[in-house]
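J.: Sequence lines, in order, name chains A and B. With the working numbering, letter number 318 in the first sequence gets 318, and the count goes up by one each step, no holes. With the working numbering, letter number 376 in the second sequence gets 752, and the count goes up by one each step, no holes.
For the record, the hints were derived by calculation from the structure and aren't laboratory data. Heads up, a few of these hints could be off.
[Claimed, not checked] From chain A, some residues computed to sit far from chain B (all C-beta separations above 10 Å):
#, residue
1, M36
2, P38
3, K113
4, K132
5, A151
6, H182
7, C192
8, D216
9, L218
10, E234
[Said to hold, decoys possible] Just a few of them, taken from the derived set where beta-carbon distance is under 10 Å, the chain B residues facing chain A:
#, residue
11, I381
12, R415
13, R427
14, A580
15, S585
16, Q592
17, I603
18, E608
19, L616
20, L666
21, D667
22, Y729
23, F834
24, N835
Beta carbons are placed, not taken as given, at the ideal position from N, Cα and C, and that holds for glycine.
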Amino acid sequence: MSRNLHLSDLNPTLDRRSFLKACTMAAAALGLSSEMVPQIVEAAASPQRPPVVWLHFQECTGCTEALLRASHPDIGRLILDIISLDYHETVMAAAGRQAETCLHDTITKYDGKFVCVVEGAIPTKDGGIYCKIGGRTALSILKEVAPKAAAIIAIGTCATYGGIQAAAPNPTGAVGVNSIIHDKPIVNISGCPPNPINFLGTVLHFLTFKRLPETDSLGRPLFAYGRKIHDHCERRAHFDEGRFVEKFGDEGHKKGYCLYKVGCKGPETYANCPAVRFNDVGVWPVSVGHGCVGCTEPNFWDTMTPFYERLPSVAIPGDRGVVSSAESAGKTILGVAAAAIGVHAAVGIGRRLGKGSSCCAKPAASTQASDDKSKE
Amino acid sequence: MGTKITVDPITRIEGHLRIDAEVSDGQIKNAWSSGQMWRGIENILQGRDPRDAWLFTQRICGVCTTVHALASVRCVENALGMEIPLNAQYIRNLIVSLHALHDHIVHFYVLSALDWVDVVSALQADSKKTAGLASTLSEWPNNSPERFKAVQAKVKALVDSGQLGPFANAYWGHAAMHLPPEANLMAVSHYLEALDYQRKATQALAILSGKNPHIQNLSVGGVTAAINPANEATLNMERLYWVKQLVEEVSGFIKQVYLPDVIAVGALYKDWLQYGAGVTNYLAVPDMPLDTKGERFDLPGGVIFQGNLASVKEIKSFKDTFFKDNVVECIAHSWYKGDWTKHPFEEDTVPNYTDFNENGKYTWLKAPRFQGYPMQVGPLAQVLVGYAVGHELTKKYVDDALSKVSSLAGAQVGPNVLHSTPGRHLARAIRAAMLADLALKHWELLVDNVGKGDLAIFNPPTFPKGEQRGFGFHEAPRGALSHWIVIQDGRIKNYQCVVPSTWNAGPRDEKGILGPYEASLVGNPVADPEKPLEVLRTIHSFDPCIACAVHMLEPERGEVSQVKVL
Chain A
1 MSRNLHLSDL NPTLDRRSFL KACTMAAAAL GLSSEMVPQI VEAAASPQRP PVVWLHFQEC
61 TGCTEALLRA SHPDIGRLIL DIISLDYHET VMAAAGRQAE TCLHDTITKY DGKFVCVVEG
121 AIPTKDGGIY CKIGGRTALS ILKEVAPKAA AIIAIGTCAT YGGIQAAAPN PTGAVGVNSI
181 IHDKPIVNIS GCPPNPINFL GTVLHFLTFK RLPETDSLGR PLFAYGRKIH DHCERRAHFD
241 EGRFVEKFGD EGHKKGYCLY KVGCKGPETY ANCPAVRFND VGVWPVSVGH GCVGCTEPNF
301 WDTMTPFYER LPSVAIPGDR GVVSSAESAG KTILGVAAAA IGVHAAVGIG RRLGKGSSCC
361 AKPAASTQAS DDKSKE
Chain B
377 MGTKITVDPI TRIEGHLRID AEVSDGQIKN AWSSGQMWRG IENILQGRDP RDAWLFTQRI
437 CGVCTTVHAL ASVRCVENAL GMEIPLNAQY IRNLIVSLHA LHDHIVHFYV LSALDWVDVV
497 SALQADSKKT AGLASTLSEW PNNSPERFKA VQAKVKALVD SGQLGPFANA YWGHAAMHLP
557 PEANLMAVSH YLEALDYQRK ATQALAILSG KNPHIQNLSV GGVTAAINPA NEATLNMERL
617 YWVKQLVEEV SGFIKQVYLP DVIAVGALYK DWLQYGAGVT NYLAVPDMPL DTKGERFDLP
677 GGVIFQGNLA SVKEIKSFKD TFFKDNVVEC IAHSWYKGDW TKHPFEEDTV PNYTDFNENG
737 KYTWLKAPRF QGYPMQVGPL AQVLVGYAVG HELTKKYVDD ALSKVSSLAG AQVGPNVLHS
797 TPGRHLARAI RAAMLADLAL KHWELLVDNV GKGDLAIFNP PTFPKGEQRG FGFHEAPRGA
857 LSHWIVIQDG RIKNYQCVVP STWNAGPRDE KGILGPYEAS LVGNPVADPE KPLEVLRTIH
917 SFDPCIACAV HMLEPERGEV SQVKVL
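Extracted from the complex, chain B is given alone in its bound form (with noise of 0.2 Å):
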């Protein structure tokens, strides 16, 4: 056995993750992966309003705010056997889109960037010639020379200072950096420039929610931002107008800026194409519903078996049984009490914390099958089955983007790559332009049926007697999210989250199958065991959120909690 490392915390995430390697041969031979937080927060949500639930979960994460309100709302409807009316359908949709857009963009800079970008070589770049590199990518009018020249001033002031603050401490000159310095200022450049636009897209959210993070515009039957275009206090043109401003801005840095950033990441860092695979099943669920009922969507959803696009199988409606009978989840190594597999409508959990244990239980996060396989969740996944079932958006932008990483790598790549590291931040890209296209149609929609006199935006819900149980998906920013709920006479009697981060960052099951953090990491290379930065980039490229991953209830007695990780 080789060298034991152990990164801990792993920074630039939600939330507390822990993760350990073994190295050897500078590569890493075998990995575990394991969540450090539990909160209960199932277990709070027992005995109460389904009404209030989504206030909750949503609270599971800051990260993925909106996510777990939409996926609650949604499994007490499936619950009641609701529909909820169009307008509140494409409130929500814009609200997913939206979200998504602000999510993917503060991921790559904000979270991940550092991983490929050498901040202190940014100050060896020439600005002109940072400038002419730019423009090879694209027409963004922000790529002067002048500006590159003032962040420059800027980095080297902070440098001078002595006070690196946030960019203290990091793997600065490490053998596996290797952007020439102009791409290494360009991306500061686009870093600062990132704020700006995350902003601007939580700003159209806040328009239609109230207020971000953590909206407040939905209810079990549909939204309460009332419409009336003859009213101050409501969604009117002015309010509506100030959207799409907003969305259009954000959607030309999304393709001007960030999927070309992350074309030519992908391209200069061309050897990392073929690390990080890991769990080659992928699992999407579909989204951006276009009825009242979600039965046709505009984001396809499936699953895909080792790495198979011909595979792929398709979830089709907000009922389907296919993916309600086929999710488990197994704590054969996670600290709760047991070693059970269960459905999450059988779940009950009691926390059993036992410390680290490689051999046995060693996190707080479950670990989510399908049919009893482990599934990576994700931008890839949701890309990867658009693919294989000829969704148009999707090959128009996969189609695309390999055939620019194809030419500034200087060889032909095809969608295989996208199997890696880079590949899932290629996808999270090409999503976020996907969803910025989809956030513009949705709001026609919306104002092409407000202008038929639709106003309606709830349909009330009623809670009968006995026992009535829901589920409700959504395709987060991270992946496939769906919760479960058991209602015992208009109170909730089990509430469960499988979240995308779970499915992700999850640790082995019961037959030691590898989650697919853990899998992805197996055969990264190491350069220098004391500076693991290749584990952060792979763990990173799934964008983990470990507050959502653990979660935890108990049906019976009150007793049982649950924790998320994402």
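Bound-form chain A, shown alone (with noise of 0.2 Å):
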């Protein structure tokens, strides 16, 4: 597991072994097969790096944090072998004018060539005042950064579908580059933050192919969130068998039983982090005894809050367990979640406390009851 930069991961021409091994590794994660590796050695090898913008906008740059931690390709080899980026404010050496000066000698000179990506939503209210860069707002920096991209990349449940400040009662009419921009091809690589597998598989696909992969319609690429947590979870044998934690560190938890009932989400959530996991550790949230938050999925923190309640719509298989009505119930969901986000929103377990609502309010009676119930 040694991830030491040897000699030979300085440049891919004095050894290609380890270069090639990056790229099986991504057109593993892509789901292409081998014959595509030469292609993608030579997308990724290209003398001409592409050029990429990537902009900050309402965030927490913790996408960019995650591909810090990616290792295949790991940043450094990204950055220096495959892509030029050419502004990203959080690596860029210039600041200030010099900085901007990058981002528009790039859109000038790569006008129609470039990868935009964005981290981040955009406030609308108030004429977007909530983000500024350059003494400009995030709106308008979008509006003329986003024409002249060849392809936009949204990095981010943020950039996606408005994240976190979005959340009711977004207060500052935060919203994702789709609802900005609508004649370029937009890919959403949403989770909070996504796994960074699954932004490098895309870059390295475009680089390949010429083109976004294909995805859902949601916009997100099928290789990576085609499935339902739910039903490659290792755990999902345990929801079957109607084994449950039914509090964090009973008998049940200390013996790695289904999550569900302590709130995992999985259910409605569409993802592959069972499969790719997370940090090149083979970990992934529920791996450490907590549920799925959902953060894969549009409005999450709306819709799958409380996190902490489980959801209301999945049928719990009684003490014996019962496959087929588990997998009934799974279908439901499934069919619902892809429709669309309003229709999503509105199965959603969505109580949200949404102020004077009471419709919608969940008394804290409730939220009492099913501790005392857990309590012992």
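Once you've looked at the hints, go ahead and assemble the two chains, each given alone in its own frame, into the complex.
T.: Take a look at the structure:
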């Protein structure tokens, strides 16, 4: 597992073995056959590195941080060998006017040819004053840069669907890129933050095939968001057999039972987390005993909360467990979740504690009740 | 009045920051720090389940991932008067230390080294001489002439390609860059290695927390990472030893590369030891608790006024009233309605944007004050407080580092030089070394406790009717962080975050007293107002995080919002 930089890592022309390995892993992540590897190698090692402009808006930089943790390719190889990261406020050396010059030069020189990555939501309320860079609003920067891009990759649930700042009552009118830009190919890499593998797989797909990967109705690549977490969770057998964690730290928790009753949102969430896992150490939230919070789904801050309450519409099998009923419960959810954001929100657990909306507000007493129940 | 310069955006930080400065006779005379983004997360929290708050607040910042999560669960537990199991405390302490190891490495190499290191100059270096220089600093095995030569070839290929990517348009060749080519080459090589070691720290963190950034293993009342040495789906000895091995590797990099590099930069830029002190009131909170209540800690906290270490007053527990009663925030120069100064429990904030007005409101950041004074927070504050109270680990690393700076610089320096721009970097590297030691210590404590048969990780919270108030603090990589919550009938009524970068990057208060960023810039040299590299040096030394610093929330009718900047 050692990932020390060796001499061979510094330049693919010295020893291409590890470079080829990275490309092979990327092909695997994309679900491509091994015949595609040479094409990926060629695209990734092209002497003219494709220019990338990375815009930060209303965000926490978690998506960029996720990329710092990626290993195939790692960040050093990505920015030195594969792409030319011409504007990225977190890593670029230039600042102030010199930084703005980098942005202007890139979008002028590579008009129609660069890839625009957007991290963060765009505030639209009050003329967009809630996020400014170089004296300009995020809204006006996006409207200037996006039309010149070859394609747009929205990274993270903020850039895709508005994210946390768009949670009720959405004080700044935050939205995702595709609410503002309509005439460009946009791919949505949702997640909070997304697994960097899904971003890198999309970049390599684009470089290799010169087009964005196939997506679902929410704009997410099928290679990463094509399956429900519940359907490929390693704890699924416990769900089907009716073995649940009732309270963190109980006997079921110590045996790795299903987390549905302590709030897991896997049954309504589409992502490849159980398959690709995180940080190259074979983990994901469920593997450390915490339920999925549904972070790849639009509006999950409202539709998936309270996080520690169970999804209301998934049937729980009885003590003996009934595989067929669990399956049918899953299918019902699947059909709905894939339909549309609006519908999804409506059937999500969605008891958003809206101010004054008594139909949604959940009295504190019931929280207490469920806590009491799970006590000893 | 001299030249007015505006640096916007300040890059290589988290978030959107603008710095304005007045320069005359080659020196900064006055400065303004302005947070340029507001998201309203505190506002969004209102009315929600307090158990969910940590997942929301963690998204305040992805650079400072984990820190708002920890402060949040601690504030809810404080409001409910809860203790958490010992294992949960140790696992949280491992999170604290592992995240900091990653964060400090990234900060020095990725976010600030390029202010001191001239990448292009590295092309002129002799790789053998570089290895010679490196061998005087440490025994790091990768400091070989062959590796330095390969790194140099890499830099040359990049420059020759004409596509400098993130290294384009920087201040290469700037008059304030003083390092010899060999030191620059060594630093570039370490920059590339740092990318690998920061990743190892996050891998150790992920084994415990499921993923990173944005961990998912906490809960109000403990952690969710079940421990069972007899199960494959839980924390067992295979998982825990993997954590230990990764920490040991990262610890080697910190002690043999990061700390020696910072010592060398401090010594080679010794003229900078006189710049950047700014506000010398310091605040640090205790962390790495050793018991279930938060009354004994491995890292001390306290306050120091006017750089006088003898004035130190300790902060002693998670319930410390000296801390609780003395924090306020002022919005006289912030884009919120009103001009009040209030305690976090009492704050109500309505956004009121007026554009940049240097005599009026000019930032989304509030101005936190302690007993009415601006305070500098961060690793420097923690190291000075530790030094002042005679904390053994702190004294050991500080004395050792200062003696090395002295011998490299050819002049005796004492703890006073820590009040400076390079001093902040040195304190951060010292803190990283201490946390590498403490991570291993708390790993042992956890394993010993598990060995005794204690597998408890969680005490379930119960929310009574009525109102509860609580605060939770955490000594984050950027300094003292505190969350303040008012719970009403099991729902969040008010939530405020008083954040390290708000302490440091906040504006003037109602008395016109400058915040730490602003004060630290005054007196800095500026060789070329067109290329204000010196501004970046001092600002980056604080490790700015602006997403954190801007927060807002309103108590009464959901119309309040808050912005944080770290």
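J.: Are the hints correct? Go through all of them and say.
T.: Against the structure, the hints come out as follows:
1. M36: holds (26 Å)
2. P38: holds (22 Å)
3. K113: Correct as stated: the minimum Cβ-Cβ distance to chain B is 13 Å, above 10 Å.
4. K132: For K132 of chain A, whose nearest Cβ neighbour in chain B is about 5 Å away, the distance does not exceed 10 Å, so it is violated.
5. A151: holds (19 Å)
6. H182: holds (25 Å)
7. C192: At about 6 Å from chain B, C192 of chain A fails to clear the 10 Å cut-off, so the statement is violated.
8. D216: Since the minimum Cβ distance to chain B is about 22 Å, D216 of chain A lies beyond 10 Å and the statement holds.
9. L218: holds (20 Å)
10. E234: Violated, because the least Cβ-Cβ distance between E234 of chain A and chain B comes to about 7 Å, which does not exceed 10 Å.
11. I381: holds (8 Å)
12. R415: Status holds, d = 4 Å.
13. R427: Hint on R427 of chain B: holds, closest Cβ of chain A at ~5 Å, below 10 Å.
14. A580: Since the shortest Cβ distance to chain A is 8 Å, the answer is holds.
15. S585: holds (6 Å)
16. Q592: holds (4 Å)
17. I603: For I603 of chain B, the interface hint holds, since the closest Cβ of chain A sits about 7 Å away, which is under 10 Å.
18. E608: holds (7 Å)
19. L616: Hint violated; L616 of chain B Cβ to chain A Cβ min 12 Å, cut 10 Å.
20. L666: Violated, because the Cβ-Cβ distance from L666 of chain B to chain A comes to roughly 21 Å (cut-off 10 Å).
21. D667: Status violated, d = 19 Å.
22. Y729: For Y729 of chain B, the interface hint holds, since the closest Cβ of chain A sits about 5 Å away, which is under 10 Å.
23. F834: The hint holds - F834 of chain B has a Cβ within 10 Å of chain A, the shortest such distance being about 4 Å.
24. N835: N835 of chain B check passes; min Cβ-Cβ to chain A is 8 Å, inside 10 Å.
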